[in-house]
Amino acid sequence: MNQFLIIVKGCDHSASPEEMQKRLAIFGEWVQNVVKDRYVTGAPLEEEGTLLKSKTEVLTDGPFIESKEMISGYIIVKAADMAEAVEMTKECPLLEKFQLEVRKLKPM
Amino acid sequence: MSSKKPDARALVDHLFRHEAGRMVSILTRLFGIHNLELAEDVLQDTLHQALKDWSLGGIPENPSGWLMVVAKRKAINMIKRQRHLRNFAADMNALLKSEWTYSYTMDQVFLENEIKDSQLRMIFTCCHPALPAEAQVALTLKTLCGFSIHEIAAALLTSEDNIHKRLYRAKEKIRQEQIDFSVPSGQELFERLDAVLLVIYLLFNEGYQAAEDNLAIRKDLCLEAMRLAMLLTERPALAAYPRIHALLSLMCFHAARFDARVDSDDCLVILEEQDRSRWNKGLIAQGVEFLALSASGDTATAYHLEAAIAAEHCLAPNFGETNWIRIYDYYSALEKLKPTALIKLNLAIIKGKTDSPLAAIAALHALEKYKALEGYYLYYASLGEFYAQAGQRTEALGYFNRAKKLTKSAATKKVLDRKISGCQ
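Chains as they are written, first to last, in my numbering: chain A, 1 to 108; chain B, 109 to 532.
It is possible that part of the hints are untrue.
To give a feel for the contact side, a few chain A residues facing chain B, derived at Cβ under 7 Å [what the hints assert, rightly or not]:
#1 M20
#2 Q21
#3 F27
#4 G42
#5 A43
#6 P44
#7 E46
#8 S72
#9 G73
Please keep in mind that the hints were generated in silico from the structure rather than gathered at the bench. Just so you know, these numbers come straight off a predicted model, no measurement behind them. In this text, a Cβ means the ideal position worked out from N, Cα and C, and glycines have one as well.
Chain B on its own, in the form it takes in the complex (with noise of 0.2 Å):
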């Protein structure tokens, strides 16, 4: 017996949720993907007995271990009640269903490789082209992350219910066009390895959109998002496709700032006045070195643009010292291949920058037609901004009350409010 006292604190942060991730996929590998629920139910099993038993029994040597094991007993018991009932994973089937074959077969699914490699299965599967871009990241989410509904929600600002209906949908989905529970090769490998990065990077950017609502579970969604890239780069056939380390890259380089982007009142602080000196080194070296991994084959995909635009910053001394002329051309080439609202509203923002504040004001009103900047505050302060530098202190007046309607930021409104007392 055990008298040790329990001390969660021995446990790596997160633990849990990476190691659902983890027991979701090979579960799913035994169970197949039209199981998944099944698969859930073993893993909330299986946690909550290490809350119960950790609690009372003190945190064992090895958690994840622990988990591990507890789950692939369970599993056992599972397909012990359920093999009468129903089929499970169509390639191994037969083996768990025959006592002579079901043990040998759970001890070599659970071996760390095949871990692994359910895990990718995994993602492969969650970011399948087959389901809605929004599905697939609520998906991820919930089995390769361990988030919670509540906790989606939150993460992706809206309802639990809208989450529960996109789970729905997605796991409707895949029961009904069959989705395989596997990685794809030679071809197809790269075609759906895009929209792996994609949704890779859409959830970063839910966790990094500037918004103040629960800042600390967004901030969660981008460290998700690079456990995942880094969980690609395991597999040397994926390793050596660039833009894999151009999107690491740019998500280092955001991720260097997100501690100096939040004020002591959990507020937005914007770029030009942000502490550099918080920002991560160690980030901002890591983003470098994947920059330069990123640095073969012979495409410049909008993630390299990206990196290339948050390393120009990153590097910058201070605000002032920043390269605009280069960032100018990053973005004018990303605009190329990206010509969406935002580009072209930065676009002409470092015009003002680059060239003069008339300069900008004009790139600036020649996006009056983009509906997607309309209720935007950030292109209404640039208005503002540029006006008030132009000297034209009325209309800048004008802007900038304009953009304080359309914030919810307190902090936000304390610049523009400083911004409005300059021009009065």
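Here chain A stands alone, though its shape is the one from the complex (with noise of 0.2 Å):
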């Protein structure tokens, strides 16, 4: 078994409060039926936060670019290959409204 890495990236603010807690509902059912014992971790991420291009050049207070394109967040699974992790994304039900990016965290 591999581990990959969904980066959850960009943002939405169209939805009811209604909707909202529905989705969060509909996210807690992809975990438990189709991740299952393959969920490793996950975390949101402050929006905030520092950028270094070099040791003098420190940007702080982002967020450095447009909001669609920021990370929100990430999820790290198990799977046998990307093929199958990708399968598992695909069923992701934030697909909705964010773009998720898988990336296999390479076996050192």
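Build the complex: two chains, separate frames, hints provided.
Okay, here's the thing in structure tokens:
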């Protein structure tokens, strides 16, 4: 089994409170029913951060790029290969409103 | 770092919606009612962050508390960004704009009793008599109940465009008339409270009226109406007002029948055919309790009478044993307070139970002049029913067919078809 990083990008502001709560429930179902025991971890990210381009060129208090490009958080899952990881991610309800990028963690 | 899997099933139903109402209220308390849109922006931003963070990081232990903390933080940022551009709530403007006092002020405003107080202010503002009734209902749903434009339109069976216009006009009016974000006091309190109760009553009726479109969200409307009325009872000065309890009682009795009113195909089931074992006994018991609480003071309002009628229906062991004589008396009293075509129609129908089919037929024909009944299937179905009972099948058949043309409900059509074949 390899580990895969799912990067959650973008943001979406158009939903009613009730819809948002429903989406949250649907995401929970995805974790319970699709990812199951292959869920490793996940976390949301703060919008602000520090960008170090070099030792002297330090930019603080981002965001540094447009909000649709911004990384909102990540999930790490286990999968046999990229194809399986992508299949799993295709089912992810976040895909309706966010872009998801799947990257394999290189086993070292 | 949390590796706990998010489980949104842990959340209370409609948590986001109800917290939205609390958050918009307290944010409006800060920003001022003239900045309602600003409060709505901060709310949207907060809920969006919750969706993202809770999906990826798990549900926090205290979801409501989490939302309030984030809303407060976002409000502080908003105030910092906007303090040179606009004024906030008049009684807090200076405090919020000064570096020395804003933090203490924010802490004071975000206390639980202030949040409750803000919700009451919001109720009284949304139900201000200067706003047209339709706008009051839409604004209440938007701000206090966290409904989106789309959801309001679905619940009120109208277009989104219409709701947009109503909300826009309501907000304009609030600005023009400089309507205060406050709970009135003294004699004005009770006058304004009547306006609030009327909006809650309308809200409930919109959800309860016999139409089969969007049943789920219209049921939510009824639950929201009950929740708002409960909010009012939390303040002792208001809880002493008997008609609040009468209104709550009537809503409990109706809500008790909600599930039995709809069959497995989402079609409405008429009272006579409802499975009474599916009526919610807890709600009926609550209705009885509220009715007892409402029986103080010397005014029997329409709410009291309607609650009493609903109680008679809910407490009757079966349709046949309903106490029609008492219900007739309540309706007669109600007609004196509210001489509407619909109440007269009910009165005429009950005459068929307490007197004779012919008496009911005469009473029904006397209502022909009312425009409100002209296109109402129940009027013709009732005429058909009593003509059938009187043995006059040809007339009955004509009225049943006419009723059938006027209803869109598949279930009602089915009932009418049965009546029609009974006449042939």
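Verification of the hints:
no., hint, verdict
1, M20, "holds, 5 Å"
2, Q21, "holds, 4 Å"
3, F27, "holds, 4 Å"
4, G42, "holds, 5 Å"
5, A43, "holds, 5 Å"
6, P44, "holds, 4 Å"
7, E46, "violated, 10 Å"
8, S72, "holds, 5 Å"
9, G73, "holds, 4 Å"
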